[in-house]
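Chemist: Given the coordinates of chain C, assemble chain W onto it according to the supplied hints.
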Amino acid sequence: MDEGIILPGSGADIAGISVSLQGVTKIYDSGVAALGQLDLKVRKGEFVALVGPSGCGKSTALRIIAGLSAPTSGEVRVSYHGEEGRPGQGISGQAIGFVFQEPTLMPWTSVRENVRLPLKLARVAAAQADARVEEALQRVGLLEFAKSYPRELSGGMKMRVSLARALVTDPDILLMDEPFAALDEITRFRLNNDLLALWRNLRKTVIFVTHSVFESVYLSQRVVVMTSRPGRIAAEISVTALEPRGEEFRTSAAYTDYCRKVSAALAPSYSGRSAL
Amino acid sequence: MSAQRSAVENRRGFRLLRILLPALVLVLGLAAWELVVRINNIPPYVLPGPLLVLRTLISDWTVLFQSLLTTLLTTLEGFIAASIGGIALALLFNQSKLVEYSLFPYAVILQVTPVIAIAPLLLIYLPQQTAVVVCAWIVGFFPVLSNTTLGLNSVDRNLAGLFQLYGASRLQSLRLLKLPSALPYILGGLRISGGLSLIGAVVAEIAAGTAGAGSGLAYRIAESGYRLNIPRMFAALLLLSLAGIVIYGLLALISHLALRRWHESALGKEN
Numbered sequence: 001m002d003e004g005i006i007l008p009g010s011g012a013d014i015a016g017i018s019v020s021l022q023g024v025t026k027i028y029d030s031g032v033a034a035l036g037q038l039d040l041k042v043r044k045g046e047f048v049a050l051v052g053p054s055g056c057g058k059s060t061a062l063r064i065i066a067g068l069s070a071p072t073s074g075e076v077r078v079s080y081h082g083e084e085g086r087p088g089q090g091i092s093g094q095a096i097g098f099v100f101q102e103p104t105l106m107p108w109t110s111v112r113e114n115v116r117l118p119l120k121l122a123r124v125a126a127a128q129a130d131a132r133v134e135e136a137l138q139r140v141g142l143l144e145f146a147k148s149y150p151r152e153l154s155g156g157m158k159m160r161v162s163l164a165r166a167l168v169t170d171p172d173i174l175l176m177d178e179p180f181a182a183l184d185e186i187t188r189f190r191l192n193n194d195l196l197a198l199w200r201n202l203r204k205t206v207i208f209v210t211h212s213v214f215e216s217v218y219l220s221q222r223v224v225v226m227t228s229r230p231g232r233i234a235a236e237i238s239v240t241a242l243e244p245r246g247e248e249f250r251t252s253a254a255y256t257d258y259c260r261k262v263s264a265a266l267a268p269s270y271s272g273r274s275a276l
Numbered sequence: 001m002s003a004q005r006s007a008v009e010n011r012r013g014f015r016l017l018r019i020l021l022p023a024l025v026l027v028l029g030l031a032a033w034e035l036v037v038r039i040n041n042i043p044p045y046v047l048p049g050p051l052l053v054l055r056t057l058i059s060d061w062t063v064l065f066q067s068l069l070t071t072l073l074t075t076l077e078g079f080i081a082a083s084i085g086g087i088a089l090a091l092l093f094n095q096s097k098l099v100e101y102s103l104f105p106y107a108v109i110l111q112v113t114p115v116i117a118i119a120p121l122l123l124i125y126l127p128q129q130t131a132v133v134v135c136a137w138i139v140g141f142f143p144v145l146s147n148t149t150l151g152l153n154s155v156d157r158n159l160a161g162l163f164q165l166y167g168a169s170r171l172q173s174l175r176l177l178k179l180p181s182a183l184p185y186i187l188g189g190l191r192i193s194g195g196l197s198l199i200g201a202v203v204a205e206i207a208a209g210t211a212g213a214g215s216g217l218a219y220r221i222a223e224s225g226y227r228l229n230i231p232r233m234f235a236a237l238l239l240l241s242l243a244g245i246v247i248y249g250l251l252a253l254i255s256h257l258a259l260r261r262w263h264e265s266a267l268g269k270e271n
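Chains C and W are the protein sequences, given in the same order. Using this note's numbering, read the first sequence as starting at 1 and increasing by one per residue. Using this note's numbering, read the second sequence as starting at 1 and increasing by one per residue.
Treat the hints as calculated values from the structure; they're not laboratory data. All C-beta atoms, glycine included, are put in the ideal place defined by N, C-alpha and C. Please note that the accuracy of each hint is not assured.
[As the list claims (entries may be wrong)] If the Cβ cut is set under 7 Å, some of the chain C residues that face chain W in the computed set are:
| no. | residue |
| --- | --- |
| 1 | 68 |
| 2 | 108 |
| 3 | 145 |
[What the hints assert, rightly or not] A short list of chain C residues far from chain W (calculated; beta carbon distances all over 12 Å):
| no. | residue |
| --- | --- |
| 4 | 75 |
| 5 | 105 |
| 6 | 117 |
| 7 | 126 |
| 8 | 141 |
| 9 | 148 |
| 10 | 190 |
| 11 | 196 |
| 12 | 201 |
| 13 | 248 |
| 14 | 255 |
The following block holds chain C by itself, in its conformation from the complex (with noise of 0.2 Å):
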């Protein structure tokens, strides 16, 4: 894929951008202002990450551009193998893995059935769903795990059905909100490190939600950083470091100089909310 910086809100190539949105507004009906005027286009196979405070409207952003949840005002757009369109028509279910913060698993059925559930949602025939399942089992490295059930797995071990089954449908789009939030750190790093060489053989546009510094940095070519209530851009980082990236890039003088710009621009949303 194409390297280099990336100007915000640039748009050069419409015909390689991926996703996006313009001046997307949520005011929720308890008259909440989550989102305020967005503006994001992220191209194709580029992996940015969205970095905030919690409560600044980055999930929700997420789940508008999955078409989870429908904008107040502005617009959203999705391609999807060429075609543009907006969420939730139709388009979404193809165009667009999810991640949530939890493994958000069918508890009553088998590693196996649940990486096969959009499959089966799509109604695809049962042979051509089990090549399928297999190779997104075989991606994530729990071929062998098929037949568990989610409870006899570990957190780390769920988080991967969990991407293992948003990327059966082949998607082009990756939505993760906060996926790793909730593991250890080691398992953290594990996961961070299998997601980046997924991305880099799979090359799928990924929008990364976290409220990690570090994360971002870790995993992103962009950081883009939200302002919160109602979320705003509050500025981009490029991250231009040299690829593959690997435990090495952790530790580098690179990585954390990001990080201190990323938390740099970070620091008036928080030091705004310490004042309430």
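Modeler: Same frame as chain C, now just chain W:
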């Protein structure tokens, strides 16, 4: 290693104790009962001793067993009607709020009105056998309805979002998401309504009394009461009680088998 083994032994011993203790209480209670009856020379038409009850149970077995079958059949019919009615109504309520708002108050009214008071009316308007089944249904359906409704409304929000994302149809979400999520609740409701169906059947039989054409266990109890055949009353009561225990046990077993692989309620503490 040895600590582990002794822990296992402790647990096994504990389980044995949980069976032995109530059995011991039973034996002591029965012995005390028999002694009181013998020492005070209480006549059997006032209070029969447990041995006499047992003898009556054996000697009147053909009559009592026939009655037991009748009552069990009524209970089963009432229970099936209550299960199907309760689940179907809950599904209907879940699909349409309008239907729920229109009908739910009446389901509650039916539930809170004592069935013993409704039974005589039903016996006037319906043939006895039908009236008895309807009574069993009235008592049994509400726990299924309310539990199933609770279950259908307790679907994980994120899972529901996932189904929405993948464009699941109404039928798909019902079959693949809502019903499995609600299953533990439905089974809990069935477990309650199994016992209640028996109560409903008995209540209706009692209300029909000896005037009725029925021959269920409750009818036997009423009839034996009029004839001062107290030992047979006790024997019939014993059978009813056993039937209730077996019904509960069966439903608990079904529930356990259906949930043992995934639901918290069916898992051991250490898993």
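Chemist: Would the hint on residue 108 (chain C) be counted as holding, given a Cβ-Cβ threshold of 7 Å to chain W?
Modeler: Since chain W brings a Cβ to about 5 Å from residue 108 (chain C), closer than 7 Å, the hint holds.
Chemist: Non-interface claim for residue 255 (chain C): all C-beta distances to chain W beyond 12 Å?
Modeler: Fine: 32 Å to the nearest Cβ keeps residue 255 (chain C) off the interface.
Chemist: Under 7 Å is the threshold here; is the Cβ of residue 145 (chain C) close enough to any Cβ of chain W for the hint to stand?
Modeler: Check failed: Cβ of residue 145 (chain C) comes no nearer than 14 Å to chain W, outside 7 Å.
Chemist: Non-interface claim for residue 148 (chain C): all C-beta distances to chain W beyond 12 Å?
Modeler: violated (10 Å)
Chemist: Should the label of residue 75 (chain C) as a non-interface residue stand, given a Cβ cut-off of 12 Å to chain W?
Modeler: holds (20 Å)
Chemist: Would you check whether the claim that residue 201 (chain C) is not at the interface survives, using Cβ distances to chain W and the 12 Å cut-off?
Modeler: holds (23 Å)
Chemist: Does residue 248 (chain C) clear chain W by more than 12 Å, comparing its Cβ with all Cβ atoms of that chain?
Modeler: holds (36 Å)
Chemist: Quick check on residue 68 (chain C) please, does its C-beta sit within 7 Å of some C-beta on chain W?
Modeler: Cβ of residue 68 (chain C) sits 5 Å from chain W, so the hint holds.
Chemist: In terms of Cβ atoms, is chain W entirely out of 12 Å range of residue 105 (chain C)?
Modeler: violated (8 Å)
Chemist: Does residue 126 (chain C) really sit off the interface, with its C-beta more than 12 Å from all C-beta atoms of chain W?
Modeler: holds (15 Å)
Chemist: Would you say residue 117 (chain C) is clear of chain W, with no C-beta pair closer than or equal to 12 Å?
Modeler: violated (7 Å)
Chemist: Would residue 190 (chain C) pass as off the interface with chain W, using Cβ distances and a cut of 12 Å?
Modeler: holds (24 Å)
Of the hints listed earlier, those the structure fails to meet are numbers 3, 5, 6, 9, in rising order.
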